Amino acid sequence: MKAVYFAWVRERIGKAEEEIDPPPEVATVADLIGWLSARDEGYAHAFENPKTIRAALDRAHVKPDAKLSGAREIAFFPPMTGG
Amino acid sequence: MAISVQREDFDAAAEARALTQGRADVGAVVTFVGLCRDEGGALAALEIEHYPGMAEAEIARVVEEARDRWPLIGLRIIHRFGEIRPGEQIVMVATASTHRGAAFAAAEFLMDYMKTRAPFWKRARRVDGTSEGWVEAKDTDDASAARWNA
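Line by line, the protein sequences are chains A and B. 35 is the number that numbering that gives the first Met the number 0 gives to position 36 of the first sequence; each next residue is one higher, with no gaps. 138 is the number that numbering that gives the first Met the number 0 gives to position 139 of the second sequence; each next residue is one higher, with no gaps.
Pulled out of the complex, with its shape left as it was, chain B reads as follows:
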């Protein structure tokens, strides 16, 4: 159940493969990768700030909630910080379980909860050199997280 908060890029396929290596009890692996969009060519880069220490701790709390809800065999979460350019990976969640239902649901739950609870903040820099400023939190993200408590 490894969690990494790092500046470096990652190999999502290798990370997902590691969840099943040397074992035969996994029936389903779901991998989600979140990428930096170019916003129609306007975005030069995202600057992602985080709260070191709390970011890891809060993701760990979200993971505990996921493990209480679904029977997970393995799990891998990586969230990057620093400068990220369009096309680059920002975040990955991979879940392994005996059946696909738990793996799909847990991966979606983990992303919804991470977006609203893990202490990361994005700032957008435009190709014309201007700063778009801090990305605002979306009500739709809160709604996505809230539906798990319905």
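Only chain A is shown next, with the shape it has when bound in the complex:
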């Protein structure tokens, strides 16, 4: 699946998007955050405080317990500050 990152999540990870291929046991958004955090310091820094992370699956907001199954795109970003 494609992963996209915005604002300081993008800056900490050091890229705007990438293809990821998590193993089957990574079933939910929260699982994926844990799996990505183990990659390196940048990911760990981006995801260090789960309360400040928002996620979207196929461009719709989801909660951490949302299932990844079938989604083509996941996005991680901080709380929104538009308007």
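Don't read these hints as lab results, they were simulated from the structure. Hints are supplied without guarantee of correctness; some may be wrong.
[Stated by the list, open to error] The calculated SDA-like cross-link candidates involving lysine to any residue, where the alpha carbons are at most 25 Å apart (straight line), are:
1. K66/A / R60/B
2. K62/A / S143/B
3. K66/A / I52/A
4. K62/A / R9/A
5. K62/A / A59/B
6. K14/A / D8/B
7. K137/B / I32/A
8. K1/A / R60/B
9. K62/A / E63/B
10. K50/A / A56/B
11. K50/A / P51/B
12. K50/A / K137/B
13. K66/A / E55/B
14. K14/A / A43/A
15. K50/A / E131/B
16. K137/B / R60/B
17. K14/A / P77/A
18. K137/B / N48/A
19. K14/A / R124/B
20. K14/A / A44/B
21. K50/A / R11/A
22. K62/A / P51/B
23. K62/A / D138/B
[Stated by the list, open to error] Stretch-level coverage of chain B by chain A, calculated; a stretch enters the list once three of its residues show a Cβ under 8 Å from a Cβ in chain A:
24. 28–42
25. 77–90
26. 117–127
Just so we're clear, the structure is a prediction, and the values are computed from it rather than from any experiment. All residues carry an ideal CB built from backbone N, CA and C; glycine is no exception.
Position chain B relative to chain A; hints supplied.
Coordinates of chain B only, in the frame set by chain A:
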């Protein structure tokens, strides 16, 4: 019920006028325009990042909720991204209805929900050349959005 996410500035008066053009059933138009403040002279510019595709989709979902709650005849939303300087327009919401109550309430609801749900992020750049970093989300914005579910 048009939604635009764009880099360019917009003519809020012309956009609001277009909502009533050629029709006589509109009794009320409410237009809100959000502007970039200079923060007492300290702010040089805002950089607004967005999630292309989702920004439009999420605003459309917020619009559907507004239409479920109020009888709207017309609606126009524009949200800019990119560099925006103090005094420039960032966002506009215009609502048209038969009566003012629906137009006022829907405009406020749309702004409250857009602020907390539409995927935009502001970064502040100061006049002294330093970056203030990413603007933090405010609990007061969450509270403003939550009151519609009270």
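Checked hints:
1. Annotation: proposed proximity of K66/A to R60/B holds, straight-line Cα distance about 21 Å (limit 25 Å).
2. This hinted pair checks out: K62/A and S143/B have alpha carbons roughly 21 Å apart, not beyond 25 Å.
3. Of the supplied pair hints, the one linking K66/A and I52/A holds, its CA atoms being roughly 17 Å apart against a limit of 25 Å.
4. A hinted pair counts as satisfied when its Cα atoms are at most 25 Å apart, and K62/A with R9/A qualifies at roughly 20 Å.
5. Using a Cα cut-off of 25 Å, the hinted pair K62/A and A59/B holds, with the two alpha carbons roughly 20 Å apart.
6. Distance restraint check for K14/A and D8/B: the Cα-Cα separation of roughly 29 Å exceeds the 25 Å cut-off, and the hinted pair is therefore not satisfied.
7. Taken as a hint, the K137/B and I32/A pair is honoured in the structure, with Cα atoms around 24 Å apart against an allowance of 25 Å.
8. Distance hint between K1/A and R60/B is fulfilled; the C-alpha atoms sit about 23 Å from each other, no more than 25 Å.
9. For the hint linking K62/A to E63/B, the alpha-carbon distance of about 21 Å falls within 25 Å, and the restraint holds.
10. Pair hint K50/A plus A56/B holds up; C-alpha atoms about 24 Å apart against a cutoff of 25 Å.
11. With a C-alpha separation of about 24 Å, the suggested pair K50/A and P51/B falls inside the 25 Å cut-off, and the hint holds.
12. For the suggested pair K50/A and K137/B, the alpha carbons sit about 14 Å apart, so the restraint of at most 25 Å is met.
13. At most 25 Å may separate the alpha-carbon atoms for a hinted pair to count; K66/A and E55/B meet this at roughly 24 Å.
14. Distance hint between K14/A and A43/A is fulfilled; the C-alpha atoms sit about 14 Å from each other, no more than 25 Å.
15. Taking the CA atoms of K50/A and E131/B, the gap is about 22 Å. The hint holds against a cut of 25 Å.
16. A hinted pair counts as satisfied when its Cα atoms are at most 25 Å apart, and K137/B with R60/B qualifies at roughly 22 Å.
17. Distance hint between K14/A and P77/A is fulfilled; the C-alpha atoms sit about 15 Å from each other, no more than 25 Å.
18. Using a Cα cut-off of 25 Å, the hinted pair K137/B and N48/A holds, with the two alpha carbons roughly 17 Å apart.
19. As the CA atoms of K14/A and R124/B are separated by approximately 22 Å, the hinted pair is consistent with the 25 Å bound.
20. Restraint check: the Cα-Cα separation between K14/A and A44/B comes to about 24 Å, which is no more than 25 Å; the hinted pair holds.
21. Distance restraint check for K50/A and R11/A: the Cα-Cα separation of roughly 16 Å lies within the 25 Å cut-off, and the hinted pair is therefore satisfied.
22. For the proposed pair K62/A and P51/B, the alpha carbon gap of about 21 Å is at most 25 Å, so the pair holds.
23. In summary, the hint linking K62/A to D138/B is supported, as the alpha carbons are separated by about 19 Å, within the 25 Å threshold.
24. A stretch counts as covered by a chain when three or more of its residues have a beta carbon under 8 Å from one of that chain; for the segment 28–42 of chain B and chain A the count is 1, and the coverage is violated.
25. For the segment 77–90 of chain B, the assignment as covered by chain A holds, since 3 residues bring a beta-carbon within under 8 Å of that chain's beta-carbons and 3 suffice.
26. Coverage of the segment 117–127 of chain B by chain A holds [criterion: at least 3 residues with CB-CB distance below 8 Å; count 6].
Going down the numbered hints, you'll see the structure goes against 6, 24, while the others check out.
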